[in-house]
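Chemist: Read off the chains here:
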Amino acid sequence: MKRLKGYLGVDVGSVSTNLVALSEEGEVISYVYRRTQGQPIQAVQDGLAELRAQLPCEIEVKGVGTTGSARYLSGVIVGADIVKNEITAHAVAAMHVIPEVRTVFEIGGQDSKIIIIRDGIVVDFAMNTVCAAGTGSFLDHQATRLGIPIEKFGEIALRAKKGAQIAGRCTVFAESDMIHKQQIGYPVEEIVYGLCEALVRNYLNNLGKGKDLLPPIVFQGGVAANEGIKRAFEEALNGEVIVPKYHHVMGAIGAALLAQEATDDGEISNFKGFEVSQIDYETSSFFCGGCANNCEIVKIQVDGEVLARWGGRCGKWEVDGIGKRKALLF
Amino acid sequence: MKITFPHMGHIEFLLKDLFTRLDVDFIIPPPNSTETIKLGVRHAPELACYPLKVTLGNFIEGLEKGADTLIMAGGVGPCRFGYYAETQRRILKQLGYSFEMIRVEPPAAHPIQFIKSFKRVAPKKKIREIWKAIKVSFSKAQVMDFIEKKVLAIRPFEVNKGETTKTKKKAIKLLDQAFLESEIEKAKEEALNLLDSIPQDKEKPFLKIGLVGEFYLLLEPFVNFDLEELLGNMDIYLERGVYLTDWIGPSSKNPVMGVSNEEIAQAAFPYLSHFVGGEGRQTVGHTIIFAYQGFDGVIHLMPFTCMPELIAKSILPKISQDLDFPILTLVFDEQTGKAGLITRIEAFVELLISRRRKGLSPKRLIKIAYRGDSLELTGWKRR
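Sequences listed follow chains A and B, in order.
For our numbering, count along the first sequence from 1 and bump the result up by 14.
For our numbering, count along the second sequence from 1 and bump the result up by 5.
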């Protein structure tokens, strides 16, 4: 059987866990998009098994990178060569797909970000801070309430001629406003599209404030699958918004690209192999009690051996479990 | 009388020293912990700024340990800090504690009230003796500031990871034990020499970041998640926009920082022409100075709902654009999580690194700034 060489990217977020196998040329060989369901270790293990099953042939993994809010944990599980924050990963992936990109919108399950790129470097970014009103979880919740499968949400939104005015600053108020609109007889597609417009308005006001949103604009993340949001962005900005083919796994693509960069000096990858999906990871926690902070320390073990330990404020218990990590600077 | 006070950076050393000189009985509240914050948050108004909540927690913990007199700083200008002492006094009275609250007004604005409040702390001492004690304790705290400043400059270059932090503890202990003026002089020299003897690799590439913002968040490592250590360990050279003795001292020259309030106000002038309370103008002015000094970027810290810093925060994006200078604002309160903080810092640091790689070095940045609207430049130079 032919053996391909490639790189793996793992993006474990609050809502979804995405894995990508990338060829040396940067083409997606296969990918997995699944729900994290609050169990990041399980999600990575199952995701790896699923990815392996999908691969057209055996691949030699030259490097693996992790990103997302569980990047350190998943880095320990897979044996990452590089662990990077999701802002950098998303920017790298966007520039890979559209090299001249100048603005990236990313809306995920529980956070959203905006990244401003000029001449191939990130020059500014913002992440939502105090409110999740503009994210995927919100849409998910509202879709359930309207009895619409989230996959159909965009399609229905596109049917609307115009959107209903919905107060989108706060999820709770948006919901009561939606109920009100339903009760006075607005058609469902106008409410759905109105919700998309509210989300976009909220996003642009919170994150886009004071930033020059120049084209090309790339829109990625799980929510980019929703054509209603894409339409709302295009109407609000009066211009084209590009949704890349693999928009939902861009973080993982970025992590794989970063892994390629990190291992280009010929170093052998830390990758622990696809077999990690069979290993039984024991996680446990205890309270330190060494001082008044009484930090909760989390421990990840395999057969009694500590792989990682973290959670304290002072670093007394810290074992980050990620072997050689690239020096941060330069 | 048993006096207690809130924590804020190394203010504990200053007050401990001062109360010893004044023969006043005191209790140091337990170090800031999650418990302190829990207590403060439970009893403070929800939208009060974060420092009020944490220091309220300190007072409760101090009172529980037997204190009967609380000392709290007052303030001037349109910032809620000036009301902390009174707000906290009322909350604590309602909780049923019996105590006396002594509010210390800033010495530069209210010198007479300032000394009067210490007369209340130590009624048996003569004013002259109190002045003398304050002067010596202050000079000791100033040495502490110089130690902190040096630590920030050494940590990115240390050869053995963690050595600077360890040595800092030794240096502070040395100074803490000094009491007489001559001993303080000696301890200063020894402590600074100790830090200088840390093996350093000056060839190491490094980034330069300026820290600006609200004083409590800048000074108290517990509430900013040890930000300085975190950044220092990423090989980042830091300079801070607030030092304790510069902040409380009567002089506007800021000897520790080396940049005077007048210079900062001038730098801020094109963007913010007047005092807005707290450190709002300092934040704006110092950010501009850091840009002119060739720093790679600035990190701005503020408590959630802080009014003066909110003003600064809305001005900073304009400065960032005009000077092509990266600025990251971080907002803190009891809800702040370390994970979100680290993600933002990592992304910011990478942004700075890629700028360096692109050749957007600080030097060239200065040129860009000079080439830009001349108002910024003349604004800073205006006397």
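Hints listed in this document are in silico derivations from the structure and should not be mistaken for laboratory results.
It is possible that some hints are incorrect.
Taking beta-carbon pairs under 8 Å as the criterion, some of the chain B residues facing chain A (in silico) [stated by the list, open to error]:
id: 1; residue: P36
id: 2; residue: P204
id: 3; residue: E208
id: 4; residue: S256
id: 5; residue: K258
id: 6; residue: P260
id: 7; residue: A352
id: 8; residue: E355
id: 9; residue: S359
Far from chain A by the CB rule (all over 12 Å, computed), these chain B residues [said to hold, decoys possible]:
id: 10; residue: P35
id: 11; residue: T39
id: 12; residue: E40
id: 13; residue: V81
id: 14; residue: I96
id: 15; residue: A127
id: 16; residue: P226
id: 17; residue: Q326
Pair by pair, the computed Cβ-Cβ distance ranges are [what the hints assert, rightly or not]:
id: 18; chain 1: B; residue 1: L197; chain 2: A; residue 2: D60; range: 27 to 37 Å
id: 19; chain 1: A; residue 1: E275; chain 2: B; residue 2: V164; range: 26 to 36 Å
id: 20; chain 1: B; residue 1: R125; chain 2: A; residue 2: H155; range: 39 to 49 Å
id: 21; chain 1: B; residue 1: K70; chain 2: A; residue 2: F301; range: 51 to 61 Å
id: 22; chain 1: B; residue 1: G342; chain 2: A; residue 2: E114; range: 13 to 23 Å
Source: prediction; values computed, not measured.
All C-beta atoms in this analysis are idealised placements derived from N, C-alpha and C, irrespective of residue type, glycine included.
Chemist: State for each hint whether it applies.
Modeler: Cross-check of the supplied hints:
The restraint placing P36 of chain B at the interface with chain A holds, with a minimum CB-CB distance near 7 Å, inside the 8 Å limit. Because the smallest distance between the Cβ of P204 of chain B and any Cβ of chain A comes to about 18 Å, over 8 Å, the interface hint for this residue is violated. At its closest, the beta carbon of E208 of chain B sits 12 Å from a beta carbon of chain A; the interface hint therefore is violated under the 8 Å criterion. At about 35 Å, the closest approach between the beta carbon of S256 of chain B and any beta carbon in chain A exceeds 8 Å, and the interface hint on this residue is violated.
For the restraint placing K258 of chain B at the interface with chain A, the shortest Cβ-Cβ distance is roughly 34 Å, beyond the 8 Å limit, so the hint is violated. The interface hint given for P260 of chain B is violated, since its Cβ lies 32 Å from the closest Cβ of chain A, which is over the 8 Å cut-off. Taking 8 Å as the C-beta contact cut-off toward chain A, the hint placing A352 of chain B at the interface holds, the least distance being around 4 Å. A distance limit of 8 Å between C-beta atoms decides the matter here; for E355 of chain B the minimum to chain A is near 5 Å, and the interface restraint holds.
At a threshold of 8 Å, the smallest CB-CB gap from S359 of chain B to chain A is about 4 Å, leaving the interface hint in force. A beta-carbon of chain A comes within 12 Å of the beta-carbon of P35 of chain B; the shortest separation is about 6 Å. The non-interface label for T39 of chain B is inconsistent with chain A: the shortest C-beta to C-beta separation is roughly 5 Å, within 12 Å. Against the 12 Å criterion, E40 of chain B falls within the reach of chain A, whose nearest CB is about 6 Å from its own CB.
With a minimum CB-CB distance of about 30 Å to chain A, V81 of chain B clears the 12 Å threshold, and the non-interface call stands. Residue placement check: I96 of chain B keeps its beta carbon more than 12 Å from all beta carbons of chain A (closest about 22 Å). Against chain A, the non-interface label of A127 of chain B holds: every CB pair exceeds 12 Å, the least being about 30 Å. At roughly 10 Å, the least C-beta separation between P226 of chain B and chain A is not larger than 12 Å, which violates its mark as non-interface.
Non-interface call for Q326 of chain B relative to chain A: violated, since the shortest CB-CB distance, roughly 8 Å, does not exceed 12 Å. Under the hint 27 to 37 Å, the C-beta atoms of L197 of chain B and D60 of chain A, about 57 Å apart, miss the expected range. Between E275 of chain A and V164 of chain B the Cβ separation comes to about 27 Å, which falls inside the hinted range of 26 to 36 Å. The supplied range of 39 to 49 Å is broken by R125 of chain B and H155 of chain A, whose beta-carbon atoms lie about 57 Å from each other.
Restraint check, K70 of chain B to F301 of chain A: a C-beta distance of roughly 23 Å breaks the suggested window 51 to 61 Å. Under the hint 13 to 23 Å, the C-beta atoms of G342 of chain B and E114 of chain A, about 35 Å apart, miss the expected range.
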